[in-house]
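Colleague: Spelled out from the first residue to the last, the chains are:
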Amino acid sequence: MISRQLKYLYQYVHSSSWIGSSKPFDDINEELEFHIAERTDAFIAGGMDANQARQAAIEKFGDKAAITRTLHREGVAGMAWVHRIHVALTMTMSACVFFLLANWLIQKEVASDSIHDLPPAVASLMNEKWTGDVCGVVTHSDGDAIEGASVLMSVKTWPGGSFFQRAYTTTTDASGRYCVKDVCPVNDVYEVQIAVVVKHHQMQSKYLEMDGGTLENVVFALPESEVMQLQVIDATGEPIPGIRVLPHGRIDESGRHHVVYFDSGQDIIQSTDGDGQTSFAFFRPGDQATFLIEVEKDNWIPFDVRVPKTGVTAAIQLSS
Amino acid sequence: MARSEKANLLQGTLDMLILRSLQSGKKHGYQITRWLDTTSENAILVEEGSLYPALHRMERRGWIESDWGRSESNRRAKFYKLTASGRSQLKKEITEWESLSSAISLILTTRGVGLEP
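Residue numbers (this note's numbering), protein chains in the order written: chain C, 1 to 320; chain Z, 1 to 117.
Among the clues, some could well be false.
Here are the computed lysine-lysine pairs in the DSBU-like style, where the Cα-Cα straight-line distance is at most 30 Å [what the hints assert, rightly or not]:
1. 206/C x 129/C
2. 156/C x 181/C
3. 60/C x 81/Z
4. 64/C x 81/Z
5. 181/C x 199/C
6. 81/Z x 27/Z
7. 26/Z x 92/Z
8. 129/C x 156/C
9. 199/C x 60/C
10. 27/Z x 64/C
11. 64/C x 26/Z
12. 60/C x 26/Z
13. 91/Z x 81/Z
14. 156/C x 199/C
15. 129/C x 64/C
16. 297/C x 156/C
17. 60/C x 27/Z
18. 60/C x 108/C
To be clear, the hints were calculated from the coordinates, so they are not data collected in a lab.
With the hints as extra help, turn the sequences into a complete structure.
Modeller: This is how it looks when you write it as structure tokens:
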């Protein structure tokens, strides 16, 4: 049984005996035509002339076309199962090839769109594995967690020799924990500036230089602060209402600098009231505070102020 | 019904005769008809319309196999030969034929009187 099926398979492969092929017809026709030719020779040998012999052989043979059709139909039917398997396998393999080719083209297109068609610096930036996280904890100086502290972060990178700086902001959860995920290139150098701002606590920042990897636990312990009253006045001493002020930094009693980057500090900008005043609860009396003031549209100028005792208003006077 | 049974009998007989013709060696279709004509002293006429479908059917069943060669007249011809399976089939068909033929002979030569209704 198996050998017969294998023989069908062999015949199918070697005789191209499948639907639509002319080869089976050719073989059958040649075989039947041979029979007629041999019969014709016999009739000629019996005394007929060639034409008569040929005609007589054809008549004796019968309906050659009908016999041919029968042989072909039955031959194809005998290999129908092979043909069905052949078609099914061909279709399956075609579908697989089509799927793989389409998938490859899509991948290639996506890669081309996202990286290769971009400027080299941006392509290098996007090609980097940005899977590094910056995480940590913010507490009171006594170690208790601070919830809702603003964490302002800038990440500096140099992909492909170009410089990129991106800003992120987040807030701490109930356990004082913060985490900004997938912001650092784990296989390249980067630098992170983190400032933590929370009312009634002294603003702090850290600057970290990294050679790849991630920052799992950057800790801030914030001492309490006083409320600093600030007034912005013009050259004549008149208060300037509605002017925007960004608490940009402070130098603490130990001489350490703490900075809020402009691009990450947009959420803590305040505007002066009708008396040209505003207040900030991020400083300690005696600190040297730096404020960025928007003297004109998109023109921010830094001003240094010594933080006075509580209850005393510090003033910044803008020149004309 | 009677017509169908006759057709089956004839078909089975034709297969047996073709297999028998190939027992002495490979032959092409025309040689098979000539062999049957000669051997039966022209008593058996095998039409080509039956011969070739029978040859192709038996080849698919594995009783015979074919290959192309040259005839005595140097024409390209398809030759058939018996396979081991075909030899077994021939033996089986001859046995069945002899059994049937004996039974028919027995019936035809019986001198008994038919049963009265």
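Colleague: Each hint should be assessed against the structure and marked as holding or not.
Modeller: So, going through the hints one by one against the coordinates:
no. : hint          : verdict
1   : 206/C x 129/C : holds (24 Å)
2   : 156/C x 181/C : holds (15 Å)
3   : 60/C x 81/Z   : holds (25 Å)
4   : 64/C x 81/Z   : holds (24 Å)
5   : 181/C x 199/C : holds (25 Å)
6   : 81/Z x 27/Z   : holds (7 Å)
7   : 26/Z x 92/Z   : holds (20 Å)
8   : 129/C x 156/C : holds (15 Å)
9   : 199/C x 60/C  : violated (115 Å)
10  : 27/Z x 64/C   : holds (21 Å)
11  : 64/C x 26/Z   : holds (24 Å)
12  : 60/C x 26/Z   : holds (24 Å)
13  : 91/Z x 81/Z   : holds (16 Å)
14  : 156/C x 199/C : holds (27 Å)
15  : 129/C x 64/C  : violated (76 Å)
16  : 297/C x 156/C : holds (27 Å)
17  : 60/C x 27/Z   : holds (20 Å)
18  : 60/C x 108/C  : violated (69 Å)
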